[in-house]
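With chain A held as given, fit chain B with the ligands onto it using these hints.
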Amino acid sequence: MKKLTRRSFLKKAAIGGLAAAAPLKMVEVVYGQGAQEKFTFAVISDAHLTHIKGTKFVRNFDEGLERAVTEVSFMDPPPDFVVFGGDLAQLGKKEELEHGLEKLSKLSLPIKFVIGEHDFYLDMGEYWQKHIAPLNYSFDHKGVHFVVLNSILTYDSWINQFKDPMERMLGMARLDNPHGSPFIVGEEGRRWLKKDLAKLSPDTPIIVLTHSPLYKIFKPWNFWTDDAEEVQAILARFKKVTVMHGHVHQIIYNQIGNITFYAFMSTAWPWPYPPTYTQKPSNFPKITVMMNRADPFHERDGTGWSWAEVAAGRVTHHYELWENTPRTVYYDEKLGHPVDKDYQDPSKRIPPQIHY
Amino acid sequence: MFNKILVLLAVFGLLVFASNARSDEFTKEDLKKWREAFMEVVKEGERLFHSPLGRNKVSCDMCHPNAANTHPETYPKFQKQLGKVVELRDMINWCIQNPLEGDPLPLDDPRMIALEAYIKWERRGVPLAPGKH
Ligand SMILES: [Fe+2]
Ligand SMILES: [Fe+2]
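Sequence order for the protein chains is A and B. Counted the way the working numbering counts, the first sequence spans residues 69 to 424. Counted the way the working numbering counts, the second sequence spans residues 328 to 460.
Note that these hints are calculated values from the structure, not bench results. Remember, predicted model here, so these are calculated numbers, not experimental data.
Calculated pairs, PhoX-like style, for lysine-lysine (alpha carbon to alpha carbon, straight line, at most 25 angstroms):
| # | chain 1 | residue 1 | chain 2 | residue 2 |
| --- | --- | --- | --- | --- |
| 1 | B | 459 | A | 348 |
| 2 | B | 447 | B | 360 |
| 3 | A | 162 | B | 384 |
| 4 | A | 106 | A | 402 |
| 5 | B | 370 | A | 348 |
| 6 | A | 402 | A | 416 |
If we strip away everything but chain B, and leave its shape as in the complex, we get:
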């Protein structure tokens, strides 16, 4: 009985694979397309990072050229002033609210994703170090 179910599952699985044109394979063109989609978001993040996002004309790059000193690899980590473990996006919002005197972004806002993409892109290659201070 159990074996029969396995066989049935296997057959069903094969059917799914067949109808899905080998979903685990992708082409160089796919890679290029996905890379371009990602780099476009990085570019938008770079633009936002160099724009006044708050009410006082101050932009992130004024204090973080090339997003330096944002240490994305250390998140999540304990921020002693917030008194808890937070994510990179919490600190991004803190900086929007304070040095930039603006309103925080919703955490799933495309602009937040773009800012994170740019910040992490500028830090590519640095090993993950969650919790590091």
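Chain A with its partners taken away, still in its complex shape:
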């Protein structure tokens, strides 16, 4: 277990308004054993920093990201790295991306960036690739092969209808756009993924980080990747595959074949669960115990961040929910799917977990 040096502690303590808070003690609970060295990484996602004008940004969303950055900085022991799950900006503006990078620069940890559609559709990823990260890349960490896969592309026919970049951005930013277009990884991305995984043995644990879920939950809100089955097929030969994604702004977990899925929280706002929109049916995973209905009078309720403990190639996902009880979801080897540590049993559920 690494200890904070005095210098790094002072540096961390100097961050922002919550400097008086004691370092967060992360309770290590590990479900699953194996030879592989265990480690943790933190996740911050869907910050949606929104530029108003000049140097003004939406206060609410700024504060969400700032709080996540501060709390991740206080993790003790520190995580090996931080994943940013996409949607740093609201409308892909340079001002928003730079504002976000400045806030994230308070972290003295490596950051693995995943692009979201809100970061992409103004300049088609130009700023991101130049100043932040590639759209597809992979890395190995303590025996696990991590893949960052761009899943927020869409069909050219939709993209080409716009002459104005901001119109295109607004068209994609509107979640309930009846004239929207589903996400895809696309042929090029799938080819890249196949090649990236080609040399690995089926025993290598794989963690794929994407922005949209690599399966189909609810098309009207783009909780959906159109070529998901083709991507899942590429991952099918591996024994331990976890896909972790942003975009949905809520706790969702699922198991499809060999793949375990976990969604990230947003630091900005929670989204309604798809079944609460009664006009259209959804494919919402039955095993997910929904998070508590948010109380809008507590601005940060329904938002948060998370950290993943990786042991023996399986993820235990700890959701740090502001203004609410934290949740832990882990992969149950016997059941073969993820379960909530406290609430999985229907008799343990509480009234706020019922959405309607």
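Just chain B with the ligands now, with coordinates in the frame of chain A:
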């Protein structure tokens, strides 16, 4: 005497009916016209719901796609943070003032009626459940 009054009332009533071309009957064209008038207000409500109504560029749909999680069927209900039973429009105004950092709408403002029309239209078919939390 009493009977005479009744007869007089009945005759008067008939006259009113006759002069009013059967006010309890309406045509398919009427229905269509009224429906269109309503849907126009719904459409305006949808536009407002997807526009920045306050001072910070935030719009309702950012947190409520298709007006989900607004639960119009549960109003009026007790809002614990306001400490009393309130109507849907009170909560709409609360959201305009807080997440949108704007000024509340007068309760009879056409924009308020349009927002309510859109919110309820997206929730059509759900049984009324006043007071439900
Ligand atoms: Fe997002
Ligand atoms: Fe997104």
